[in-house]
Amino acid sequence: MEADGAGSDVEREDESVIELLRDRFRLLTISIAEAQAKRNDLEISLPIAACIADLAFKYTEQLAKDLELFAQHASRKSINMEDVILSAHRNEHLATSLRSFCTDLKSKEAQSERKRKKPSRKEDKATTSVVHIPDN
Amino acid sequence: MEDANTFDPDLVHAIFKLVWNRRALERERNEGADGLDIQEKIVLRPNGLVGARSLVDNCVKLVGAGASKKNRPTYANANALKLSCELLRIFVTEAVQRAATIAEAEGVSKIEATHLERILPQLLLDF
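For the record, the sequence lines run as chains A and B.
Read in full-length UniProt numbering, the first sequence has 23 at position 23, and its numbers run on one by one without any break.
Read in full-length UniProt numbering, the second sequence has 81 at position 81, and its numbers run on one by one without any break.
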């Protein structure tokens, strides 16, 4: 009984926090959606933008579950970029564009690190492709 | 323009954490039910020293399990969060873009519910 009481208390707190996050998320989504519509010289009606926001929020929750499971499956506690790319593996175009975004982030990080000190060049090794020249 | 208009990694992190906490709580609650089963079994045969010792052992096990669950919350590194933000941004822009294509084909200047309805099934399949 005690455990149940504590659980519902936590849940009630959870609800208020989730509402706050959902509202902030909705505002951001609506501004992104409106900007995108404006780029096409179109308007987007507010209920539709809010609807897309709710869809995106649900998607975020699903994504959180997926990422946690991926990390656990790799027996890690931290989520890294590979997990995020893996979550989009069904859509090749999406995975490719995420991968390029990921290399962008990495190169940016490498640049800022190089300013501070000579970094370890693990990432460079991974990305340089070997060009095979046939000898005939 | 695109850089200014994206999700806040902290916000996404907060949502992720909320989901993970919820799942951890559920897991803990399930384990709590298991623990009760163990205790009932022990009470059924209160057999002197051996019973007492196994009770202690089980208690230690229970406490240990609970503590280790609390000690290992999932966390995400900064780049992974940025990448998640990008994924969500693509989701939203893709939804609007596809709806916009339908609206333009119909020759109206406002994206309405019917346009979203048309593109929704394929959108959900693609993400």
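None of these hints come from the bench; they were simulated from the model.
Check each hint, because a few of them may be wrong.
[Stated by the list, open to error] Quick look at which bits of chain B chain A covers, simulated, 3 or more residues with Cβ under 8 Å:
id	segment
1	5-16
2	76-88
3	96-109
From a predicted model like this one, the values you see are computed outputs, not experimental measurements.
Just so you know, even glycine gets a beta-carbon here, dropped at the ideal spot from N, CA and C.
Hint-by-hint comparison with the structure:
Counting residues of the segment 5-16 of chain B whose beta carbon lies closer than 8 Å to any beta carbon of chain A gives 9, which meets the minimum of three for the stated coverage. For the segment 76-88 of chain B, the stated coverage by chain A is satisfied: 10 residues place a CB nearer than 8 Å to a CB of that chain, which reaches the threshold of 3. Against chain A, the segment 96-109 of chain B contributes 7 residues with a C-beta closer than 8 Å to a partner C-beta. That satisfies the three-residue criterion, and the hint holds.
Checked against the numbered hints above, the structure breaks none of them.
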